[in-house]
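Trainee: Chains A and B supply the protein sequences, listed in that same order.
Numbered as in our numbering, the first sequence ends at 162 without a single skipped number.
Numbered as in our numbering, the second sequence ends at 1395 without a single skipped number.
Only true hints are included.
No farther apart than 27 Å at their CA atoms in a straight line, the calculated lysine-lysine pairs in the DSSO-like style are these: (1) B:K1052 to A:K125; (2) B:K1052 to A:K87; (3) A:K141 to B:K1321.
These aren't lab readings, by the way, just hints derived from the structure by calculation.
Residue strings, one per chain:
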Amino acid sequence: MAEAIIDKLRGNIGAENVLEVKYPMARRIFVLVKPETFKLAVSYLVNELNFKHLTTISGVDLGEEFEVIYHLNDDTNELSLKVRTPKSSPRVPTITDIVPGAALYEREIHDMFGIVPEGHPKLTKVMLPDDWPEGVYPLRKEWTIEKIRAKLDGKEEKKKDG
Amino acid sequence: MGEYESESVFEVPIGPQHPALKEPAMFMFKVDGEYVVDVDANVNYNHRGMEKAAESRTYIQNLYLMERVCGICSFTHQLCFSQGVEQLLEVEAPPRAQYIRVIIGELERIHSHLLWLGVAAHEIGFDTLFYYVWRDREIVLDLLETISGNRQNYAMSTIGGVRRDITDEQTHKAFKSLKILEERTKFYQNMIPRERTILKRGVGVGVLKPADAIALCAAGPTLRMTGVKSDVRFNDPYQAYGEIPWNVVTYDTGDVVGQVMVRVGEVLEAVNISRYALQHLPTGPIRRKVPRSVPSNETVSKTEAPRGENIHYGRSNGTDKPDRWKVRAPTLANIPAVSKMLTGGYIADIPIVLAGIDPCFSCTARVAFVDVEKNKRWFWSQEELRRYGIKWYGG
Chain A
1 MAEAIIDKLR
11 GNIGAENVLE
21 VKYPMARRIF
31 VLVKPETFKL
41 AVSYLVNELN
51 FKHLTTISGV
61 DLGEEFEVIY
71 HLNDDTNELS
81 LKVRTPKSSP
91 RVPTITDIVP
101 GAALYEREIH
111 DMFGIVPEGH
121 PKLTKVMLPD
131 DWPEGVYPLR
141 KEWTIEKIRA
151 KLDGKEEKKK
161 DG
Chain B
1001 MGEYESESVF
1011 EVPIGPQHPA
1021 LKEPAMFMFK
1031 VDGEYVVDVD
1041 ANVNYNHRGM
1051 EKAAESRTYI
1061 QNLYLMERVC
1071 GICSFTHQLC
1081 FSQGVEQLLE
1091 VEAPPRAQYI
1101 RVIIGELERI
1111 HSHLLWLGVA
1121 AHEIGFDTLF
1131 YYVWRDREIV
1141 LDLLETISGN
1151 RQNYAMSTIG
1161 GVRRDITDEQ
1171 THKAFKSLKI
1181 LEERTKFYQN
1191 MIPRERTILK
1201 RGVGVGVLKP
1211 ADAIALCAAG
1221 PTLRMTGVKS
1231 DVRFNDPYQA
1241 YGEIPWNVVT
1251 YDTGDVVGQV
1261 MVRVGEVLEA
1271 VNISRYALQH
1281 LPTGPIRRKV
1291 PRSVPSNETV
1301 SKTEAPRGEN
1311 IHYGRSNGTD
1321 KPDRWKVRAP
1331 TLANIPAVSK
1341 MLTGGYIADI
1351 PIVLAGIDPC
1361 FSCTARVAFV
1371 DVEKNKRWFW
1381 SQEELRRYGI
1391 KWYGG
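Could you build all of it, start to finish, from the sequences and the hints given here?
Mentor: Next comes the structure, spelled out in structure tokens:
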């Protein structure tokens, strides 16, 4: 059944755009698609294959690029749709026009990784405090806990002085 | 105000601090007279950096970090984490451990739903029900303490099984406790749809349509009260849930009464599931030995928390620490839905509608009413707002 879903997806967005597929256990599908066809894949899965429920969006730091994972659900299968974006200019198209419930999760990956969901209606902070320093994306690997702490401590000092 | 025609639109910030709840959140309400016309939710006051912290801890240490994601549904996060690591290792817990996990999970659901029912009763000024329900909740907390040694944070699950067995003596006590809980809950289930106070404050209040619930990706009882049959235990049966007969509880009103009835129904189901699991507890070991280091892999682990669908995404890299561990607790999923439920309702209904999703963030330190035109502001505490709600309904 899981294979049939992926076959349909291949047929719709083109087999060459599906880069990697895994079925690690029952009811779990991991699929990596090309960024150009990512939005097409979302709209096909949501509107045609009934993957209407977006559980959340996860980000992963792979070193040179980010992997953004959309955990979609059709009441039975948990399909993790992945797309990669370079760290130098991380961006993904917003899917809030297809799944309104994605709004908070897209803001979350923006907070934690600095990945810009292009076309998001209101991209403000959702997880981090309003006075969090600009450019500190805590879940990027280069931002170690020590580095974040040093940055935040520096800010505290400034407050005391001023 | 600009976008609103009426000059009588006020901005009412609720939050971010309140001693009665655990975590802070802020809701900016735009109100016209008694009506809420717009809501903007802000939950960024209590970021604890748990996902980052998980990357620098071993899997065993993370068991106890994950248990502290939530203060009420602690077990479901620990279970979701241990289950995820087991999936990464491609092993399964022994059958007896899976049944014990189901039992603890369901007992936790009973205590969480009863806690909620008490809070909901308090929010609508029905304190008698609050005292009754919280008295009954002690029964399940005592039972959890007998089994695990703790009323909360049971530290029961570990990678590869559970840490403590359930003895015959404890099973005997559990049957007695479950019987009392069942009787009490049946009494509430019978009483609530006919109770005037609840009907007056609950019928048609904080309504969520099934289509909106699906579009906004709502989860748990908030989704099921609209009539949508969706439950991780049913859709994606984990642990021993596939072997245990039970029913998904739904309700069709999508209002506060629906929230109450779904949760009361789920308490009864949880009693049945726990009883069945105790009666059919398989013999054998309660845990298996697993390696400390986890080979490179990735997984999606899901459980049904009392508040709804709980998901952990984990990625391992061959060491004894995860490369990435993502946690999404169900309250976040229900924030867009509760914003929708509040819009169009009365100010007096804010406390019960907010409480309706059983939020795991704090709510109201104070309510500031700001008249932007006249530059006047005044403050109400949560207690004053609650009283206002009760008085407004002629209580």
